[in-house]
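> Sequence:
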Amino acid sequence: MNYWLIKSEPEVFSIDDLKVQKRTHWDGVRNYAARNHLKSMALGDEVLFYHSNAEPPGVVGMAKVCKTAYPDPTAFDAKHHHYDPKSKPSSPAWFMVDMAFVKKFKRVIGLPQIKAEPSLKNMVLLRIGRLSVQPVSSAEFKVICQLAQQ
DNA sequence: GCCAACGTTGGC
DNA sequence: GCCAACGTTGGC
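In terms of this note's numbering, the first sequence is residues 3 to 152.
Calculated lysine to aspartate or glutamate pairs in the EDC-like style (CA-CA distance at most 16 Å, straight line):
no.: 1; residue 1: 66; residue 2: 48
no.: 2; residue 1: 108; residue 2: 18
no.: 3; residue 1: 144; residue 2: 48
no.: 4; residue 1: 41; residue 2: 100
no.: 5; residue 1: 69; residue 2: 100
no.: 6; residue 1: 105; residue 2: 18
no.: 7; residue 1: 24; residue 2: 48
no.: 8; residue 1: 41; residue 2: 29
no.: 9; residue 1: 105; residue 2: 48
no.: 10; residue 1: 69; residue 2: 29
no.: 11; residue 1: 66; residue 2: 100
no.: 12; residue 1: 90; residue 2: 79
no.: 13; residue 1: 105; residue 2: 47
no.: 14; residue 1: 69; residue 2: 47
no.: 15; residue 1: 106; residue 2: 19
no.: 16; residue 1: 144; residue 2: 119
no.: 17; residue 1: 105; residue 2: 19
no.: 18; residue 1: 66; residue 2: 19
no.: 19; residue 1: 106; residue 2: 48
The calculated label-pair distances, taken between Cβ atoms and stated as ranges, are:
no.: 20; residue 1: 19; residue 2: 72; range: 17 to 27 Å
no.: 21; residue 1: 139; residue 2: 54; range: 17 to 27 Å
no.: 22; residue 1: 141; residue 2: 68; range: 20 to 30 Å
no.: 23; residue 1: 80; residue 2: 114; range: 39 to 49 Å
no.: 24; residue 1: 80; residue 2: 128; range: 35 to 45 Å
no.: 25; residue 1: 114; residue 2: 90; range: 42 to 52 Å
no.: 26; residue 1: 35; residue 2: 70; range: 10 to 20 Å
no.: 27; residue 1: 42; residue 2: 128; range: 12 to 22 Å
no.: 28; residue 1: 21; residue 2: 54; range: 17 to 27 Å
Just so you know, these hints were derived from the structure itself, not from any lab. From the three backbone atoms N, C-alpha and C, an ideal C-beta is built for every residue, glycine too.
Please construct the entire structure, taking both the sequences and the accompanying hints into account.
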């Protein structure tokens with residue numbers, strides 16, 4: 003079992019949207035490092051859901067992988083905002099996974115709280131701030147879950 | 001709205 | 001293959 007963190011702007015797609023929809027295609031990732039993480043995800047991997055550009059930014063809940071990586075069709079659609087002519091159905095460049103809602107935390111674990119927690123100081127979130135799909139260690143995942151229960 | 005960080009593009 | 005210019009992300 004591996005653990006991950008995905009970012010979303012709540013104005014675009016929030017944990018509440020995922021709760022209503024129950025599952026969603028995690029499409030639109032157009033960064034190679036993020037894509038490689040998507041392709042490494044296994045069925046049932048647990049994923050922290052992070053709200054970026056929010057007040058406060060932070061981890062708001064949990065999802066899990068319910069379908070492993072497959073080609074992102076929005077990259078093939080010339081009219082789509084995420085269209086990329088480099089990606090062809092015969093040799094797709096971009097992939098997506100499906101995510102299922104697990105839970106929404108009772109409180110947001112804000113970025114300042116994460117920064118203040120010594121056991122989380124090596125989180126990719128703090129080291130590579132812009133990466134939108136990133137791995138989380140099992141120890142970090144446990145700490146986040148404990149903070150969510152306080 | 002500003003700006004730092006950093007990934008991507010393209011000229012050479 | 002280097003690197004400057006540019007675009008995007010995302011915290012503040």
